[in-house]
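Throw the hints in and build the complete structure from the sequences for me.
Spelled out from the first residue to the last, the chains are:
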Amino acid sequence: MKQDIALQLINVGRSFGATAAVRGISIDIAKGEVISLVGHSGCGKSTLLRIISGVETIDSGRVLLDGHEVDGGCFVEPEMRGVGFVFQDYALFPHLSVRDNILFGLKRHSRAEALANAEDVIRRVGIEHLLERFPHTLSGGEQQRVALARALAPRPGIVLMDEPFSNLDQGLRGQVRTETLSLLKSLNTTVIMVTHDPQEALSTGDRVVLMRSGEIVQVGSGYDLYDRPANAYAADFFCVSNKIPGICRGDRIETPIGNFLRSGEANEGGATTVHIRPQAIAISLDRGEITARVKERVFHGETEHILLAVDGLETPLKAVALDRLPKGAEVVKVSIDSERVLSF
Amino acid sequence: MPASKSVAGPSVVSHAGRAGKNWLVLSAIAALIVVLPVAGLALEALKGSTGLWAHLFSSILPIALRDTVILLVGVGLLTAVLGTTTAWLVTAYDFPGRRLLEWALLLPLAVPTYIIAYAYLDILHPIGSVQGSIRWVLGYESPRQFRLPDIRSMTGCILLLGFVLYPYVYIPTRAMFLTQSGNLVDAARTLGISRRAVFWRVALPLARPAVAVGIALALMETLNDVGAAEFLGVRTMTVSIYTTWITRTDLPGASQIALALLLIVVALVAVERWARRKQRYATDARRSRGLKPQKVSPVNGMLLLFMGSVPILLGFVAPALYLTTEAWKRYQFAGLSPRLLNEAISTITIATLATVVTISLGLVVAYATRLRPGKTSATLLRLSTVGYAAPGTVVAIGVLIVLAGFDRFIDRTALDWFGVSTGLLFMGSGAAVVYALTVRFLAISAGGIEAGLSRIPMSLDHASRTLGQSPSGTFRHVHLPLSKAAISAAALLVFVDCIKELPATLLLRPLNVETFATHLYGEAARGTYEEASIAALAIVAISVLPVILLSRVGTAGRSVAADT
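In the order they appear, the protein sequences are chains A and B. For what it's worth, this note's numbering labels the leading residue of the first sequence as 7, then goes sequentially. For what it's worth, this note's numbering labels the leading residue of the second sequence as 4, then goes sequentially.
By construction, these hints were calculated from the structure, which means they are not laboratory data. A virtual CB, placed ideally from N, CA and C, is assigned to each residue, including glycine. There could be a bad hint or two in this list.
Covered stretches of chain A (chain B as the covering partner; in silico rule of three or more C-beta atoms under 8 Å from a C-beta of chain B) [to be verified]:
1) 99-107
2) 188-196
Here are the in silico distance ranges between beta carbons for each label pair [claimed, not checked]:
3) Lys301/A <-> Lys378/B: 35 to 45 Å
4) Ala381/B <-> Ile253/A: 49 to 59 Å
5) Arg280/B <-> Lys301/A: 50 to 60 Å
6) Arg280/B <-> Ser47/A: 20 to 30 Å
7) Lys301/A <-> Pro208/B: 49 to 59 Å
8) Arg114/A <-> Thr355/B: 31 to 41 Å
9) Gly48/A <-> Ala381/B: 22 to 32 Å
10) Leu178/A <-> Arg211/B: 48 to 58 Å
11) Ala118/A <-> Trp106/B: 32 to 42 Å
Derived lysine to any residue pairs resembling SDA-like cross-links, with alpha carbons at most 20 Å apart [what the hints assert, rightly or not]:
12) Lys339/A <-> Ser290/A
13) Lys487/B <-> Leu102/A
14) Lys113/A <-> Ser475/B
15) Lys24/B <-> Lys339/A
16) Lys24/B <-> Cys80/A
17) Lys487/B <-> Ser103/A
18) Lys24/B <-> Ala240/A
19) Lys378/B <-> Asn25/B
20) Lys249/A <-> Gly226/A
21) Lys378/B <-> Ala26/A
22) Lys37/A <-> Glu271/A
23) Lys24/B <-> Glu83/A
24) Lys113/A <-> Phe478/B
25) Lys378/B <-> Ser21/A
26) Lys113/A <-> His480/B
27) Lys333/A <-> Phe350/A
28) Lys113/A <-> Arg479/B
29) Lys487/B <-> His101/A
30) Lys378/B <-> Thr25/A
Below is the structure:
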């Protein structure tokens, strides 16, 4: 066992009745690594967090924390695992003050050590002014910070966060996220954060784990997952793309709007699909090989979403333009960045 | 009665913790304690009667069955009519005194069936003041010339039970009217149906499941009653069990009637369960705004107030006034006898012990279902609550069979090993009464506590566990402080029910121990009216407490309904 692995999941599976919540999950997570676990609701990401914390058991496979088996051949109760958990609803104890909430997990420490630990985490999170308050009097952002402080106080080896920012206002979310993650980084804590928001997943985490129907679809850096998605699902998860029908010819795919390099399996002469992200389509009045007609323009401020009708294509192409097209432009030229065309 | 509703969390949430196993084992023990008497009863009944089986079938059972069925039908109809009309009255119309009426309609719940029978036997005595005044008004001179129909009859019994048991229908029906009917009544009125017709065409059909639940509960109480029926000369099955056991000392025979009675109970429980499912479906179907009461003219308002007051006057005010004056007269005459004080002590001791046991087991059963949700714990919860519908006499026989067996076993073992006879360890000590009360009221405790726990989000459990607390530590530091109110309410309900309980206490109390309830029974059975009024008043006064609690829950329900 390597020293620097914080968590190891080996072929982990868990079913509820006939449905498999997670299956065949294997991954190693290094110490100090920040992982964002992303997927649509019901994909098993929250179940996986509960399995790691021990409030859920597994049917098959093994779970190792810090090199010690905690589920599989044996079972270590959640209270013995040293795992911090920040819940989606924060789960602050309503009958305890902020201070007592933070001290709740420090029962095993000596009184002096508990107070020192608590004081340290309170200062780091910046909630000195809230200590005597009760959870129901706190704003969403304050509750989030208290929940974080409470989870960090016992100095857990790994912190699990279940949609920790989803209950915050849009404006506050980005700021709280940045603060939280820089704090966790400074403590060199191993973090697994669950989210359903693709943007949040890409922007946080050393690695992104994409899940679907209880299985891992792809693991890698945000760039990996966005630029080199493992399959159509992964491609569409982060950005909905134009799907253009084509036919395999050698190492290329022929489509009505050009031939592109094939990156998926060979299927000589067979029908296939290429995926073109809206951002890979450049629109101008004069430069480009394809002629298209503007069907619809939706203005978003920084960008403009444009629907383009192209001869030979049944569905119009979606494109995102950074530069503004002149008002009333009807016929435009389109060029496609073939480097960014995906096929599977 | 248990209104245990489990809040539907995410259906996939399943708690792992193998440490919860101890709780599951404890829960299984609790369930076993409750189920054992029923099993014992069945075994005893199978033994066959001591030659009296034929007699039982030919003479006792037919009459008992007939009287029971007539009583059930009568009480069912009366409670249905009283419960639904009063519920509609206070939800559909706005008149001065409505708010008062709303909770005062619950008051008859505080009068146990045997106490209302006891009170009215004296109030309506042919040579009592009520009948005397009627004769004076009508110009008759002696009871021989004119008297009201005898209250000691089936009709009298139905009327009296109906007037104290209708709140069982009133409560769920009113709740249904409050939470459900608003939009639908408005819709019906825009479709051209008059406000009065709405009751028949919309509100009542919608409330049918609630009415069914209420009637089922009222009928369970009817079957449980042993005092009223006996005082009024109605030979129900419950009374037959009692006499077969006590006067004929035929335990197998009594067990057989008890088993037959249990079949009726099972049918009632099935009706109640079915109706509850329907009710849940009806209330879950649509989040709806409550019914807005209609203002009525002052004259009509007075009329409605009077109509709504009748059940309260007959079911609570009259007997309570009677008991107060009689108790006062007795107190002026003789003060409080030491006997009565002794009874107070034994009543409270038995009720306290039973409450402690019942709440402890309720905590175990309810927490086990939370720790390890699933088929096993749900089955255990259900098993541990089967006693709520079983009449006290039935439970008493079952408990007697189980504990007598234990006593014999322990006595024999002690004799074999140590040469000492332990005698009747359980039966002699009052443990039997506590046991029977636990079996009967565990449902209230477990149901109330489970409802309280279900309001605590599961994530608090998980937070506590990941912060280093064991399941038991989580229970102490999180669940207990957060469900204090629910536990106290359950404890109060159980305590009061234990004080009111008559049949099981009557059958199982140790020799020479009397409680308020058994004292009252004794005097009423002998036809002597001495200190019982004081005992009865004490029972009614204590029983008002949960009614107040219930009315507060009721108004909370209203404000919630008003918010949505």
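Honestly, which of those hints from before does the structure not fit?
Violated: hints 2, 3, 11, 15, 18, 20, 22 and 27.
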